[in-house]
Each structure stands twice: as C-alpha cells, then as structure tokens.
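Peer 1: Sequence:
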Amino acid sequence: MRSSISSRVVAAALLAVLWYAPAAAAQPPQAVHAVWVSRKLRFTYQGFTSQYNCRGLEVAISHLLTRLGARKLRVRDCPLEDQITPFPSVRVTMQVLVPATRGQRGAWVSAQWRRVRLFPSTDLSGNCDLMTEFRHTFLPLFAARNIEMDATCVPNQHIIGNRLYADVLVPDSPVAQGAADHR
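All letters in the sequence shown, in the order written, are residues 11 to 193 by the numbering used here.
Do not rely on the hints blindly, as some may be mistaken.
[Said to hold, decoys possible] Just the calculated beta-carbon pair ranges, DEER-fashion: (1) Ser183 <-> Asn63: 34 to 40 Å; (2) Gln40 <-> Pro130: 26 to 32 Å; (3) Arg65 <-> Arg115: 32 to 38 Å; (4) Arg86 <-> Thr111: 30 to 36 Å; (5) His146 <-> Ser48: 17 to 23 Å; (6) Phe97 <-> Ser183: 37 to 43 Å; (7) Pro109 <-> Phe58: 34 to 40 Å; (8) Thr54 <-> Ser120: 32 to 38 Å; (9) Ser99 <-> Ser120: 35 to 41 Å; (10) Phe58 <-> Asp160: 15 to 21 Å; (11) Arg155 <-> Arg115: 33 to 39 Å; (12) Ala117 <-> Arg65: 31 to 37 Å; (13) Arg127 <-> Arg65: 22 to 28 Å; (14) Thr95 <-> Arg125: 22 to 28 Å.
For the record, the hints were derived by calculation from the structure and aren't laboratory data. Remember, predicted model here, so these are calculated numbers, not experimental data. Glycine included, each C-beta is placed from N, C-alpha and C at the ideal position.
Using the sequences provided together with the hints, build the complete structure.
Peer 2: See below:
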C-alpha cells in the first residue's frame, strides 16, 4: 500500500513539473531599462595562432563587436593596412548598452538579455588567441553575464572547437538600436 502511495506522489510531482515547465519557458524575457554609453580603447593583438594585417584585424574586431550589439562603431587607425605585422593595433570607438541606474544621464531604452555566440565564428574558427584577448579586453566594456569560454591555445596551431558565449543587453526595438555606423 505504501509503495502505491509513494509512486502516486512521485507521479503527481512529475506531472506538476512537466505542466509548469513549458509555461515558465514560454514567458517573454524581462525588459531592462538601459542607456547607451560611449567606449574607447586601443587594442593591440598579441597572438601566435593567427597573424593579421591591420585591415584583417579591423574586420575581425568589427564583426565581433557588431555581434555584441555595439553601435556607432569605428575600428581604425591602422598605419600599415595590408602588411602583416607581429602586433597590429586598432583604435575602437563605439556605444554599448548598460543597465540604467537612478540619476544616470541619457535616454533610457527598453532592452533585454540575449545569448550571443562569438566563437566559433565561421570566419574566425580556430583563432584561440583572438578569442582570449577579445574576452579579456572587450567583454568587460559591455553589460555581459553568463560568459562561457572553452579554449585550448597552442602556439602556431589552429584548434577547432574553441568557443565563447555571453549574454549581452540588446534593445527591444530596432529604433532603439539606431543605425550602426561602421567604418
């Protein structure tokens, strides 16, 4: 008799979980009040797995920052565009979304958290050095959370399977995003 009651309790609990789980997963994401803030930096690539000329580094960094939702993005200042150099550098200016705080200046926009896959990227696969440097240099400039990185960096070797994911704030509407300006 006890076995029958306990199996009914377990079955009822399992049904309750199955009944409420899809409802919780189907709820829309919570809106977050956010503001656009400006960020500037100079980035010098110091990798061994891949080499870049300045133009190639500009394209790679622009691609990754665009995936994170940066707007008014400018990546430039390469003196030797076509020549591969040991440590190419670029100057980056952009705007990123951050959660709004009381008394913060700027127009508030409605935003939500979105999961973004930065690596593997079809055009940057195997580039462990760039992934590692990007994580430590650029992700702190964004409102990023739940960062997941699996990387095996071996000098002068491309290792497929490295990955980098993060949750970042993105605007709820394209109007709030504004036109991305890439140069």
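Peer 1: Decide, hint by hint, whether the structure agrees.
Peer 2: Each hint, compared with the structure:
1. Ser183 <-> Asn63: 34 to 40 Å: With a Cβ separation near 38 Å, Ser183 and Asn63 satisfy 34 to 40 Å, so the hint holds.
2. Gln40 <-> Pro130: 26 to 32 Å: holds, 29 Å
3. Arg65 <-> Arg115: 32 to 38 Å: holds, 36 Å
4. Arg86 <-> Thr111: 30 to 36 Å: holds, 31 Å
5. His146 <-> Ser48: 17 to 23 Å: holds, 21 Å
6. Phe97 <-> Ser183: 37 to 43 Å: holds, 40 Å
7. Pro109 <-> Phe58: 34 to 40 Å: Given a distance of about 37 Å, which is inside 34 to 40 Å, the answer is holds.
8. Thr54 <-> Ser120: 32 to 38 Å: For Thr54 and Ser120 the Cβ distance comes to about 36 Å; the hint holds.
9. Ser99 <-> Ser120: 35 to 41 Å: holds, 36 Å
10. Phe58 <-> Asp160: 15 to 21 Å: Because 19 Å falls inside the window, the suggested range holds.
11. Arg155 <-> Arg115: 33 to 39 Å: violated, 24 Å
12. Ala117 <-> Arg65: 31 to 37 Å: holds, 35 Å
13. Arg127 <-> Arg65: 22 to 28 Å: With a Cβ separation near 24 Å, Arg127 and Arg65 satisfy 22 to 28 Å, so the hint holds.
14. Thr95 <-> Arg125: 22 to 28 Å: violated, 35 Å
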